[in-house]
Amino acid sequence: MPLQDHMQLISVDDHVIEPKTLWTDRLPKKYHEAGPHIIEKDMSHSGGDEGLSKALIAASRNGKEGEEPQAPRLAEVWSYEGRIYPNIGLNAVAGKKPQEYGMEPTRYSDMLPGCYDIKARIADMDIDGVQAAMCFPSFPRFSGTAFLEHEDPELALLCVQAWNDFILDEWSAYAPGRIIPMIMLPLWDPQAAAKEIYRCAAKGARAITFPENTVSLGLPSFYTDHWDPVFRAAEETQMPLCMHFGSSGKPPITSPEAPMAVMIALFGTNSMDATADLLFSPVFYKFPKLKVALSEGGIGWMPYLLERIDLTWERHRWYQNVNKEVRPSDLFREHMYGCYIDDFEGIARREQIGVDNILWECDYPHSDSNWPNSREYAAKLLVDVPDDEAQKIVELNARKLFNFPRL
Amino acid sequence: MAEKDIDAPDWVDQDLLTREEAAERLDEEIVLVRERLARLEADRSAPDAGSAIEMVRRRLAAMEQVRSTLLEPAAH
Numbered sequence: 001m002p003l004q005d006h007m008q009l010i011s012v013d014d015h016v017i018e019p020k021t022l023w024t025d026r027l028p029k030k031y032h033e034a035g036p037h038i039i040e041k042d043m044s045h046s047g048g049d050e051g052l053s054k055a056l057i058a059a060s061r062n063g064k065e066g067e068e069p070q071a072p073r074l075a076e077v078w079s080y081e082g083r084i085y086p087n088i089g090l091n092a093v094a095g096k097k098p099q100e101y102g103m104e105p106t107r108y109s110d111m112l113p114g115c116y117d118i119k120a121r122i123a124d125m126d127i128d129g130v131q132a133a134m135c136f137p138s139f140p141r142f143s144g145t146a147f148l149e150h151e152d153p154e155l156a157l158l159c160v161q162a163w164n165d166f167i168l169d170e171w172s173a174y175a176p177g178r179i180i181p182m183i184m185l186p187l188w189d190p191q192a193a194a195k196e197i198y199r200c201a202a203k204g205a206r207a208i209t210f211p212e213n214t215v216s217l218g219l220p221s222f223y224t225d226h227w228d229p230v231f232r233a234a235e236e237t238q239m240p241l242c243m244h245f246g247s248s249g250k251p252p253i254t255s256p257e258a259p260m261a262v263m264i265a266l267f268g269t270n271s272m273d274a275t276a277d278l279l280f281s282p283v284f285y286k287f288p289k290l291k292v293a294l295s296e297g298g299i300g301w302m303p304y305l306l307e308r309i310d311l312t313w314e315r316h317r318w319y320q321n322v323n324k325e326v327r328p329s330d331l332f333r334e335h336m337y338g339c340y341i342d343d344f345e346g347i348a349r350r351e352q353i354g355v356d357n358i359l360w361e362c363d364y365p366h367s368d369s370n371w372p373n374s375r376e377y378a379a380k381l382l383v384d385v386p387d388d389e390a391q392k393i394v395e396l397n398a399r400k401l402f403n404f405p406r407l
Numbered sequence: 408m409a410e411k412d413i414d415a416p417d418w419v420d421q422d423l424l425t426r427e428e429a430a431e432r433l434d435e436e437i438v439l440v441r442e443r444l445a446r447l448e449a450d451r452s453a454p455d456a457g458s459a460i461e462m463v464r465r466r467l468a469a470m471e472q473v474r475s476t477l478l479e480p481a482a483h
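Chains as they are written, first to last, in the numbering used here: chain A, 1 to 407; chain B, 408 to 483.
Take the hints with a grain of salt, since some may be wrong.
Quick partial rundown of chain B residues pointing at chain A, CB under 7 angstroms, derived from the structure [to be verified]: (1) 467; (2) 473; (3) 478.
Listed next, the stretches of chain A that the computed footprint assigns to chain B, with coverage defined by at least 3 CB atoms under 8 angstroms from CB atoms of chain B [claimed, not checked]: (4) 122–128; (5) 366–376.
Note that these hints are calculated values from the structure, not bench results. If you're wondering where the values come from, they're calculated on a predicted model, not measured in any experiment. Beta carbons: idealized from backbone N, C-alpha and C, even for Gly.
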């Protein structure tokens, strides 16, 4: 039985739904109207102004054009500088057929309270057999890119700081040892971002959410020196950059007619892109202690891509501006981590990835998580893995990477 | 090809566990855990049977507690 009771599950990819008053509790009063706050809005015919959730809602309604909603109701949505960002819920009610499911903007009262309430969250983690979790943002998107869309940069910086203070002072502080404190950055200003890293490190932050690709966000790439202040600060404070798939804002859509299943099946390719970019860029040579985790990117593809990247490097490095001395797969094992929920292929080929480079994740409170059975699912996946390797994957690798020892 | 595509063709990484979905999952799990507890209590021959039973009991109680809160109107 590789997954034993004494081994603690650490999920490196969960999510927090921001409580309604997160920003109004922290922003100066003059910003309460423009800053993020919850309003009630009839979303029967709208998907809001946020790209991905708008697309999801549209897909969910596809084929229902002309039909009046059975019971139009007010959703609770975020308003930030007048733009609308909905929280969305899977309308999978007991007794309904899957064909009748939908996806709609929702209200807090529809959500499992553990989405936004830390006391309920800890109870849900206990049921799920999860000891500790790291939580990505929701309304601001996985790496805080909603604040890139700002009209007022001063407000945007205050919004980022408010989210970080909420995580550090309230969400993580409620239950020491249960939440790995993650922060977001003011991505429009690398100097301000570095300053925020140092500020939050002093308050106990352990990880930074960062886009898997910055170019698609209209920002300079990893190949430039634009991000050096951020990478230097992350390295100096020993905080890994956690690149969640989809955080580039560029979903892998192959054709306008493709069902959304194609995009979802291919999401891991975003993490493949990030891996190739980082291994062929100067980043890890300039910052030899920097670490990157590819959140929710899966791991089964890693042996193939590392082999491919090494072959490319063997044959083609001589005439390109890439490092000539260090094999990319060696660089990978020194700097990068794969994260999985369900990935039999990756676990079976863990030696080719590096047992020390694999992290487990849960994805609570999204409906594709295995809650309340995460521990059982994790155990099934690890059934043929030696005990010591299983403990590294579910617990010890995360404790080491995020400097998060058992209390 | 399915007779009819599900309207939300697959679930991406953004949709949340609703109270209803969570309640349904808990109901299923509570049934399974009660059965597991009954089996453990019926056969206490394993050396660590007592602690195993205690752990399952605690988890069952915690699940029943959360399930009961999902019946209440939400505070938010």
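How the hints compare with the structure:
1. 467: violated, 10 angstroms
2. 473: Residue 473/B check passes; min Cβ-Cβ to chain A is 6 angstroms, inside 7 angstroms.
3. 478: Violated, about 12 angstroms.
4. 122–128: holds (count 4)
5. 366–376: holds (count 7)
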